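Since each chain comes alone in its own frame, lean on the hints to assemble the complex.
Protein sequences appear in the order of chains A and B.
Under this note's numbering, the first residue of the first sequence carries the number 1, and numbering increases by one thereafter.
Under this note's numbering, the first residue of the second sequence carries the number 1001, and numbering increases by one thereafter.
Treat the hints with care, since some could be wrong.
Said to hold, decoys possible - If the Cβ cut is set under 7 Å, some of the chain B residues that face chain A in the computed set are:
hint : residue
1    : R1010
2    : M1025
3    : W1095
4    : F1102
What the hints assert, rightly or not - Derived pair list, reagent style SDA-like, types lysine to any residue, alpha-carbon separation capped at 20 Å:
hint : chain 1 : residue 1 : chain 2 : residue 2
5    : A       : K11       : B       : S1009
6    : A       : K240      : B       : G1089
7    : A       : K250      : B       : V1106
8    : B       : K1105     : A       : L107
9    : A       : K190      : A       : R215
10   : A       : K252      : B       : S1103
11   : A       : K252      : B       : G1089
12   : A       : K54       : A       : N42
13   : A       : K250      : B       : S1103
14   : B       : K1105     : A       : P108
These aren't lab readings, by the way, just hints derived from the structure by calculation.
As the structure is a prediction and not an experimental result, all values here were calculated from the model.
Cβ coordinates follow ideal geometry from the N, Cα and C atoms, glycine included.
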Amino acid sequence: MVQLTLPQNSKVQKGKTWPKPQGAKNLREFRIYRYSPEEKGNPRWDTYWVDMDKAGTMILDVLFYIKNTIDPTLAFRRSCREGVCGSCAMNIAGRNTIACTKGFDELPGGVISISPLPHLPVIRDLIPDLTNFYAQHAYVQPFLKTDSPTPEKEWRQSEEDRAQLDGLYECILCASCSTSCPSYWWNGDKYLGPAALLQAYRWLIDSRDEATGERLDDLEDPFKLYRCHTIMNCAQVCPKGLNPAQAIAKIKHMMVERVS
Amino acid sequence: MSGTPKADSRPLSPHLQVWRFHATMLASITHRITGVGLYFGTLLITAWLVALASGPDAYAVVEMVAFSIPGQLILFLWAVAILYHFANGIRHLVWDGPGLGFSPKVASQISIFNYAFAIVGAVALMAAAVLS
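Bound conformation, chain B alone (with noise of 0.2 Å):
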C-alpha cells in the first residue's frame, strides 16, 4: 500500500478475519467459486461425450461413476453451480445492461434468492432425474 513492505515494519489492519460477511459479498465469491467449479464440470461433460463416442464398455463405466453416491453428491454440486451461476449471472447482466439493481436492501434479497433458486432447482432436477 503506502509503504513497501520492507520500509515498512507497520502491521496490516486486520481485513477477512474481522469481516461480516454481506449477502453480497457471499454471493460475488460464490459466483466465482461457481464459474471456476463450472470448468471442471465442462470436462465432465467432455468424459460422458468420449465414452459414448467409444462404445457400450467404456459408456458402462462412466454410468456406473454417476450412480455412485460420490457420482450422485458430484452431479448435485454441479447443478447447483450450473442454476446459481446462470441466476447471478442474469444478475450481473441487469447489473452491466439497464443498471438496476444496486440498492444495498434489493442486491442482498437477490443473493438470497439466488442461492434459493440454485438449491430448490437443483433438488427439483435430482428428483426428476429419480422419478424418471
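So here's chain A without its partners, still in its complex pose (with noise of 0.2 Å):
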C-alpha cells in the first residue's frame, strides 16, 4: 500500500554531532542513519565531520574513516570494494548506489546524506533486511531448465545468442534497482521488481533455456510483472548501468506476443 510518510517508530529524529577532527583542512559534512535494536528509541540522524584529504576517494573509504577514526560502532556490509559483490549498496545522497564505486567527485554539493536501502526493515545503522529481496531471485528460478537430455560436454550456444545476455548477466543483486523503485516501495510484497525482473528477461531470452513458456506463466499475474509503471528509477541508480525498466518491457512484448 502507498504510505508516503514514514511510520512512527521509523521516524528519523536529530542524533548526536561528533567532534571534528583536528587540524584537517578539507572538511565535509556526513549526515548517517544510525540505529541500534539494542538502544530504545527511533533512529536517528548523526553528524560527522570528514578529513576529505585524508579519506580516500570513495564513499566506502568516508564510511572505513567514520569507523576507523571517529565512531567505531557504525555498522554497514562491504566485502569486494570493487564493485562486483553488491555488499556496499546503500542510499547515498538520495539516490541508491553501491558506494565502493562513488567518487567523491560524483557527490552534489551540501550536507551528504547516507542511509540505507530505501523501504526496507533495518537490521543496523546502514544493514537493511534484504530478505524478501532474496526470496524474490529465487522465485524466477535464475537457473538453466530443460528437458532435452544433458550434452555430453556443454551446452553451446552461438555468438549472436551469447550476445543477448549482454546488459543482463553483468546484475550483482546490490538492489538498488528494486529500492529505488516507488512501485516496489509501495508493493514489494506482490511485485518482483526490477532486480528480479532483470534476471527473469535473462533466463527467458537465453537460447539453452527450455522452460520460456513456463517462466512467462510465473510472471502472468496483476502484480509480479505489471507493476512497472516505466517510473525509470532502476535504470537511473544502476551502478552497473543495466536497465531493468528495457528488461521489464521486454518481457511485457514476449507476454503479448504469446498470446497474439
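Take a look at the structure:
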C-alpha cells in the first residue's frame, strides 16, 4: 500500500554531532542514519565531519574513515570494495548506489546524507533486511531449465545468442534498483521488482533455456510484472549501468507475442 | 515486507524522505496526477455541453465562470494537463510499442521536453484565445 510518510517508530530524529577531526583543512559534513536494536527509541541522523584529504576517494573510504577514527560502532556491509559483490549498496545523497564505486567528485554539494536502501526493515545502521529481495530472486528460478538430454560436454550457444545476455548477466544483486522503485516501495510484497525481473528476462531469452513458457506463466499476474510503470528509477541508479526497465518492457512484449 | 508489522518492530528505512527526484520519476507521477485531473476536466466539458443545451441563461453562467480569474487559471492548468498527458502518453506508446527511449539520459531529456511542451503549448493556447 502507498504510505508516503514513515511509520511512527521509523521517523528519523536528530542525533549526535561527532567532534571534528583536529587540524583538518578539507572538512566535509556527512549525515548518517543510525539505528541499533539494543537501544530504545527511533533511528537518528548522526553528523560526522570527515577530513577529505585523509579519507580516500570513494564513499566506502569515508565510512571506513568514520569507523576507524571517529565512531567504531557504525555498521555497514562491504566486501569486495571494487563493485563486483554488491554488498555496500545504500542511499547516498538521495540516490541508491554502491558506496565503493561512488567517488567524492560525483557527489552533489552540501551535506551528504547516507541511509540504508529505502523502504526496507532496518537491522542496524546502514544494514537493511533483504530476505524478501532474495526470495523474489529465487522465485524467478535463475538457473538453466531444460527437457532435452544433457549434452556430453557443455550446452552450446552461438555468439549472437550469447550477445543477447549482455547487459543482463552483469547484475550483482546489490538491490539498488528494486529499492529505488516507488512501485516496489508500495507493493514490494507482490511486485517482483526490477532486479528479479531483469534476471527473469536474462533466462527468458537464453537460447539454451527450454522453460520459456513456464517462466512467462510464473510472471502472468496483475502485480508480479505489471506493476512496472516505467518510472525509470531502476535504470537511473544501477551502479553497473544496466537497464531493468527495458528488460521488463521486453518481458511485456513476450507476453503479448505469446497471446497473439 | 519480510516481516509482518506486528512481529517486526524494526524501523522502515527512509524512502521519499531522502530521495532526490529524477526527471523521469517526476514525469511519471505528473502523468498520473494530470490523468486524474483530466477526469475532472471531463466534468467541466459536460457542464459546458449541458449549459449549451439548456439555453442562453445557463450558458451565460458558464461563460461568467470561465472568464473569471479562477476560471481562466483552471482552464490554463487543464490545458497544461491535457498537453502533458498527451505528450507523455505518446512516449508511453513508444516505450510499449517499438521499445525505444529507455536510456536514462534520453528518458530524462524527453521528460523535460514534455514539461516544456505542455507549458509553452498552454501559454500559446491561452494567448491565441485572448487574441482571437
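Report holds or violated for the interface hint on B/R1010, using the least CB-CB distance to chain A and a cut-off of 7 Å. Where the cut-off is 7 Å and the nearest Cβ of chain A is about 4 Å from B/R1010, the hint holds.
Restraint status (C-alpha distance of A/K252 to B/S1103 at most 20 Å): holds (18 Å)
Hinted pair A/K54 and A/N42, Cα distance within 20 Å: The hint is violated at about 32 Å.
Interface hint compliance - B/F1102 to chain A, C-beta minimum distance less than 7 Å: Holds - the Cβ of B/F1102 comes within 7 Å of chain A, reaching about 4 Å at its closest.
Under 7 Å is the threshold here; is the Cβ of B/W1095 close enough to any Cβ of chain A for the hint to stand? holds (6 Å)
Verify the proposed pairing of A/K250 with B/V1106, using a straight-line Cα cut of 20 Å. Measuring from Cα to Cα gives roughly 18 Å; hence the hint holds.
The hint names B/M1025 as touching chain A; please verify it with the least Cβ-Cβ distance against 7 Å. Holds - the Cβ of B/M1025 comes within 7 Å of chain A, reaching about 5 Å at its closest.
Given the hint that A/K250 pairs with B/S1103, test it: the Cα-Cα distance must not exceed 20 Å. Holds - the C-alpha atoms of B/S1103 and A/K250 are around 14 Å apart, at most 20 Å.
Within 20 Å, alpha carbon to alpha carbon, are A/K240 and B/G1089? At roughly 29 Å apart (the allowed maximum being 20 Å), B/G1089 and A/K240 break the hint.
Does A/P108 sit within 20 Å of B/K1105, going by the straight-line distance between their CA atoms? holds (18 Å)
Measure nothing beyond the straight line between the CA atoms of A/K190 and A/R215; if it is 20 Å or shorter, mark the hint as holding. holds (17 Å)
Does A/K11 pair with B/S1009 here, judged by a C-alpha cut-off of 20 Å? holds (13 Å)
In summary, the structure is inconsistent with hints 6 and 12 from the numbered list given earlier, while agreeing with the others.
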